[in-house]
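Number of protein chains: 4
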Amino acid sequence: MAGSKYAYVKNFEIPDPLLPNTYMVLRVDGHGFHRFSESHSFTKPNDQRALELMDAAALAVMQEYRDIVLAFGESDEYSFLFRRSTQLYNRRQSKILSTLVSYFTSCYVMNWSKYFPSTPLEYPPSFDGRIVLYPTEKEVRDYFSWRQADTHINNLYNTLFWALVQQGEMTPADAHATLKGTVSGQKHEMLHSRFGINYNTLSARFRKGSVITRKTVINFIVWIDGLETPESVPSDEPDGLKRKTKPKVTLEISHVDIIGDEFWNKNSDIL
Amino acid sequence: MAGSKYAYVKNFEIPDPLLPNTYMVLRVDGHGFHRFSESHSFTKPNDQRALELMDAAALAVMQEYRDIVLAFGESDEYSFLFRRSTQLYNRRQSKILSTLVSYFTSCYVMNWSKYFPSTPLEYPPSFDGRIVLYPTEKEVRDYFSWRQADTHINNLYNTLFWALVQQGEMTPADAHATLKGTVSGQKHEMLHSRFGINYNTLSARFRKGSVITRKTVINFIVWIDGLETPESVPSDEPDGLKRKTKPKVTLEISHVDIIGDEFWNKNSDIL
Amino acid sequence: MAGSKYAYVKNFEIPDPLLPNTYMVLRVDGHGFHRFSESHSFTKPNDQRALELMDAAALAVMQEYRDIVLAFGESDEYSFLFRRSTQLYNRRQSKILSTLVSYFTSCYVMNWSKYFPSTPLEYPPSFDGRIVLYPTEKEVRDYFSWRQADTHINNLYNTLFWALVQQGEMTPADAHATLKGTVSGQKHEMLHSRFGINYNTLSARFRKGSVITRKTVINFIVWIDGLETPESVPSDEPDGLKRKTKPKVTLEISHVDIIGDEFWNKNSDIL
Amino acid sequence: MAGSKYAYVKNFEIPDPLLPNTYMVLRVDGHGFHRFSESHSFTKPNDQRALELMDAAALAVMQEYRDIVLAFGESDEYSFLFRRSTQLYNRRQSKILSTLVSYFTSCYVMNWSKYFPSTPLEYPPSFDGRIVLYPTEKEVRDYFSWRQADTHINNLYNTLFWALVQQGEMTPADAHATLKGTVSGQKHEMLHSRFGINYNTLSARFRKGSVITRKTVINFIVWIDGLETPESVPSDEPDGLKRKTKPKVTLEISHVDIIGDEFWNKNSDIL
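From first to last, the protein sequence lines are chains A, B, C and D. Residues 1 to 271 in UniProt numbering are what the first sequence lists, from first letter to last. Residues 1 to 271 in UniProt numbering are what the second sequence lists, from first letter to last. Residues 1 to 271 in UniProt numbering are what the third sequence lists, from first letter to last. Residues 1 to 271 in UniProt numbering are what the fourth sequence lists, from first letter to last.
These aren't lab readings, by the way, just hints derived from the structure by calculation. Be aware that a few hints might be false.
Under 7 angstroms between C-beta atoms, here's a sample of chain D residues computed to sit facing chain B [claimed, not checked]:
(1) Leu-19
(2) Asn-21
(3) Leu-133
Pulled from the structure, derived: some chain C residues nowhere near chain A, Cβ distances all over 12 angstroms [what the hints assert, rightly or not]:
(4) Thr-22
(5) Arg-27
(6) Glu-64
(7) Val-132
(8) Thr-136
(9) Ser-145
(10) Trp-162
(11) Ala-173
(12) Gly-196
(13) Asn-198
(14) Asp-269
Distance condition first, Cα-Cα at most 16 angstroms in a straight line; then the derived EDC-like pairs of lysine to aspartate or glutamate [stated by the list, open to error]:
(15) Lys-5/A - Asp-150/B
(16) Lys-208/A - Asp-47/A
(17) Lys-5/B - Asp-150/A
(18) Lys-5/D - Asp-142/C
(19) Lys-10/D - Asp-142/C
(20) Lys-95/C - Asp-29/D
(21) Lys-5/A - Asp-142/B
(22) Lys-138/A - Glu-262/A
(23) Lys-248/B - Asp-269/B
(24) Lys-44/C - Glu-169/C
(25) Lys-138/D - Glu-137/B
(26) Lys-10/C - Asp-142/D
(27) Lys-138/B - Asp-261/B
(28) Lys-266/C - Glu-252/C
(29) Lys-10/A - Asp-142/B
(30) Lys-138/D - Asp-269/D
(31) Lys-95/B - Asp-16/B
(32) Lys-208/C - Glu-77/C
(33) Lys-5/C - Asp-142/D
(34) Lys-10/B - Asp-150/A
(35) Lys-208/D - Glu-77/D
We treat Cβ as the ideally placed atom computed from N, Cα and C, and that holds for glycine.
Next comes chain A alone, as it looks inside the complex (with noise of 0.2 angstroms):
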């Protein structure tokens, strides 16, 4: 075959396995967006249109990657929870990595317009991803409340910084001085204070950031022809052919405390 003096160029690529049985998190960062979300004059502490169309193309990745089990974002980022036994295209790196931060930012893309329909995208945007690999359960929750603790950190000071800046008319200097070394009390006393704003009542989606876990409903009815019935509705079965319930899977967002112990007891087939 012409062309195959030179398919020993092949032979340099490198397998680049991960370890099996290893909980996979891919965490996908917004690449130079302190810059993009100035272009596109995001909305300051928060953007709610931005941080909903980041919510829709992890609800999308999720949507076409049935390995992953839990999501969380918060700000620029978002983070993706594999099912431990997951064989994704052979566990290689290279292709999980790079397949799905494309996809993410291929949806991000095309839903911009979606959430920004007056604000063209000005260039392309663009997101870094890197995968770790922990072993254990406890690791893996860790992982997320620390994402989870940063949001909170961020979200308070930026919060409180946007407040001076915006309500209190102090230069982004000024309003950075005045913070630097304030401890999380004293932040949530200024901004009542000060701001009148009580912390505690701002939108939970802030504050939290997002969580995406998979909800297996049993509630449909699986005729053997192939036709599905939701089983609330009644049905009069046909003589001879057998039903059985089949689990439904739709995905389901929230914005709410995943570093104690409740939501993985009520989520406890994600680890």
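With the hints as your guide, set chains B, C and D onto chain A.
Below, chains B, C and D alone, put in the same frame as chain A:
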């Protein structure tokens, strides 16, 4: 700091630097593009619009990432060569791979409507990517020869296959059976005798793929006040102002042979 | 400093940390030991001296490297299990692998003459090694079950094979042919009926391999002046001196089943 | 087969091929040799016997592994360069690293008593090792220059340090303090003026380290009956027997400069 007790999970991120001073080739491939090309009614055997869209995305990538010195595209894939000494993202593999595949995807989706104005995207296209390292010039040349030989082999086959199907009214199965075992010369002959097609007169884009290089042109004058004037334009140089020529780099796309020496002699700055 | 212009070559050393909090198993294997065992006239099917020499080297390795919690040896191989959280050499793979294989080899050669007093080394024996990571307890147990099952299979085969050759005066080729396709029960039966050997009464070392564990004995008293006295020895405690017991760790070698639960229940501190 | 249900644990072995067509350098280093050299009363600043023992081990390694084209040793370390295209053990990193470090260690221990006839080994010496890849000739030369420059720097320092301690009766702390901040020329001068030592007349082995090359000599005749005769020896060629010359490869150890071009010009087959 809140959250710091979880920060240890960062230690599970394994560093992934690429060996210094090796040539890095990043290849981006359409993911499931057989289905994608059918869903979006790509013309067979080649869709000019689809190829131009790939070129547009690749040009944007090279515009953004200055350490890419050569790109070659065919069908739904593109290969990018970095200069040997690039320090892009400290040569971290995951960072380079994910960011560039993401940027390519973003450009592809953003530019879609320009090339397919009457064909809305049915679903989000995605690309996978991989990075391969080559230690010597010879392997780099052989890599690009491998891809261009592949272009030739596939295009000759596909051109004849679709002629048999579209003009010869064969079923795809019959067309494959007819082509089985034929060598290059026989395919040229069949194209000519049955369909009056002289293969060598077909579009070079289809036969050779797309080659993007940087063209350095030293023909601009930069006045010390920052204004640039093309050197060819006669100008009255203001008294006391120094002038100097500045190399201007532009991207050039062509559809030429990159297997023989001629291309590499003419572009001796690539390797 | 002279030489500093060359020091950049150090940048080509790629970091190779092993994933944290996973079980590390290092397996050392005799390199070309088929030939080595013939050159040094090892007794067939098992050479007690050679096995004891392997055990001696493994004991020395465990004495030196305290993070090894279990070792299993058979024939010319030994597997070492590190505690999950070991930080030995910062978990650098090459450093751990090379240093321990080197130390094992060194102990093997140094102790050779003790176990083979009348057989000088004909040439330098060597071992290869590999490190495998396991994320969970189950895989660690299955790894050691895999090695001990291997011991059993090989030893049963070899015992019968060598009986056929040595006592049955078969050629090796005939012996292999005779054994081909036989199952375990048939081999037991042949050993018994033809050679009067009850396999289960053979040395446990041959049938089960060697198992090295750490035995923690809290029976020492450490006076604050640093002197240690066995707890059982009655002692007059000097006035004003505090005493505390110190756990004393010793190594214990045995030839027991490690596939069933009993061993792991008794040694619950290993995993 | 019994045991097959455990065999899945083999899937956790991750392939580790080294990038093809790159220069591989394996460096072996004495592990804890500061203590080892004291325990075994090595002569300071250089122990001729210890260096010759290192050389003997390195020669044995090169005798066994024919793809090593150059070795350089100093103090308690040795570096081995493989020819670029070596396929040793399919370029598997762990296999190459562990086997060669093991073999080196084995040779070191086996040959100990030959070089230290009246000094028994107090405990098992060990070595660590690492493999570094270099893509070009320049880096290979710079790597070896780096090691030989290191030899020079250390030997000059140590020679003067031990002269101050042994002949000058300084404490080690005072000697270090005296040397602190001195440049090369000052050290030469101190050696000469205080101790009458002309550094450049010291043993080349101490100043330059050890260099092992393969010397190919085409001067043997191989008769077709397999007998070899040096070509220079006149011989009656039996009628009807064909003869051909065969290249004979021998190892050559020297203590020469490998930083300048002369060595590489003379040994142009290394790179």
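Quick rundown of the hints versus the structure:
{"no.": "1", "hint": "Leu-19", "verdict": "holds (6 angstroms)"}
{"no.": "2", "hint": "Asn-21", "verdict": "holds (5 angstroms)"}
{"no.": "3", "hint": "Leu-133", "verdict": "holds (6 angstroms)"}
{"no.": "4", "hint": "Thr-22", "verdict": "violated (5 angstroms)"}
{"no.": "5", "hint": "Arg-27", "verdict": "holds (17 angstroms)"}
{"no.": "6", "hint": "Glu-64", "verdict": "holds (27 angstroms)"}
{"no.": "7", "hint": "Val-132", "verdict": "violated (10 angstroms)"}
{"no.": "8", "hint": "Thr-136", "verdict": "violated (7 angstroms)"}
{"no.": "9", "hint": "Ser-145", "verdict": "holds (16 angstroms)"}
{"no.": "10", "hint": "Trp-162", "verdict": "holds (38 angstroms)"}
{"no.": "11", "hint": "Ala-173", "verdict": "holds (39 angstroms)"}
{"no.": "12", "hint": "Gly-196", "verdict": "holds (46 angstroms)"}
{"no.": "13", "hint": "Asn-198", "verdict": "holds (41 angstroms)"}
{"no.": "14", "hint": "Asp-269", "verdict": "holds (18 angstroms)"}
{"no.": "15", "hint": "Lys-5/A - Asp-150/B", "verdict": "holds (12 angstroms)"}
{"no.": "16", "hint": "Lys-208/A - Asp-47/A", "verdict": "holds (14 angstroms)"}
{"no.": "17", "hint": "Lys-5/B - Asp-150/A", "verdict": "holds (12 angstroms)"}
{"no.": "18", "hint": "Lys-5/D - Asp-142/C", "verdict": "holds (9 angstroms)"}
{"no.": "19", "hint": "Lys-10/D - Asp-142/C", "verdict": "holds (10 angstroms)"}
{"no.": "20", "hint": "Lys-95/C - Asp-29/D", "verdict": "holds (10 angstroms)"}
{"no.": "21", "hint": "Lys-5/A - Asp-142/B", "verdict": "holds (9 angstroms)"}
{"no.": "22", "hint": "Lys-138/A - Glu-262/A", "verdict": "holds (15 angstroms)"}
{"no.": "23", "hint": "Lys-248/B - Asp-269/B", "verdict": "holds (15 angstroms)"}
{"no.": "24", "hint": "Lys-44/C - Glu-169/C", "verdict": "holds (14 angstroms)"}
{"no.": "25", "hint": "Lys-138/D - Glu-137/B", "verdict": "holds (15 angstroms)"}
{"no.": "26", "hint": "Lys-10/C - Asp-142/D", "verdict": "holds (10 angstroms)"}
{"no.": "27", "hint": "Lys-138/B - Asp-261/B", "verdict": "holds (12 angstroms)"}
{"no.": "28", "hint": "Lys-266/C - Glu-252/C", "verdict": "holds (13 angstroms)"}
{"no.": "29", "hint": "Lys-10/A - Asp-142/B", "verdict": "holds (10 angstroms)"}
{"no.": "30", "hint": "Lys-138/D - Asp-269/D", "verdict": "holds (15 angstroms)"}
{"no.": "31", "hint": "Lys-95/B - Asp-16/B", "verdict": "holds (9 angstroms)"}
{"no.": "32", "hint": "Lys-208/C - Glu-77/C", "verdict": "holds (13 angstroms)"}
{"no.": "33", "hint": "Lys-5/C - Asp-142/D", "verdict": "holds (9 angstroms)"}
{"no.": "34", "hint": "Lys-10/B - Asp-150/A", "verdict": "holds (13 angstroms)"}
{"no.": "35", "hint": "Lys-208/D - Glu-77/D", "verdict": "holds (13 angstroms)"}
Violation of the numbered hints given earlier is confined to hints 4, 7 and 8; the remaining hints are satisfied by the structure.
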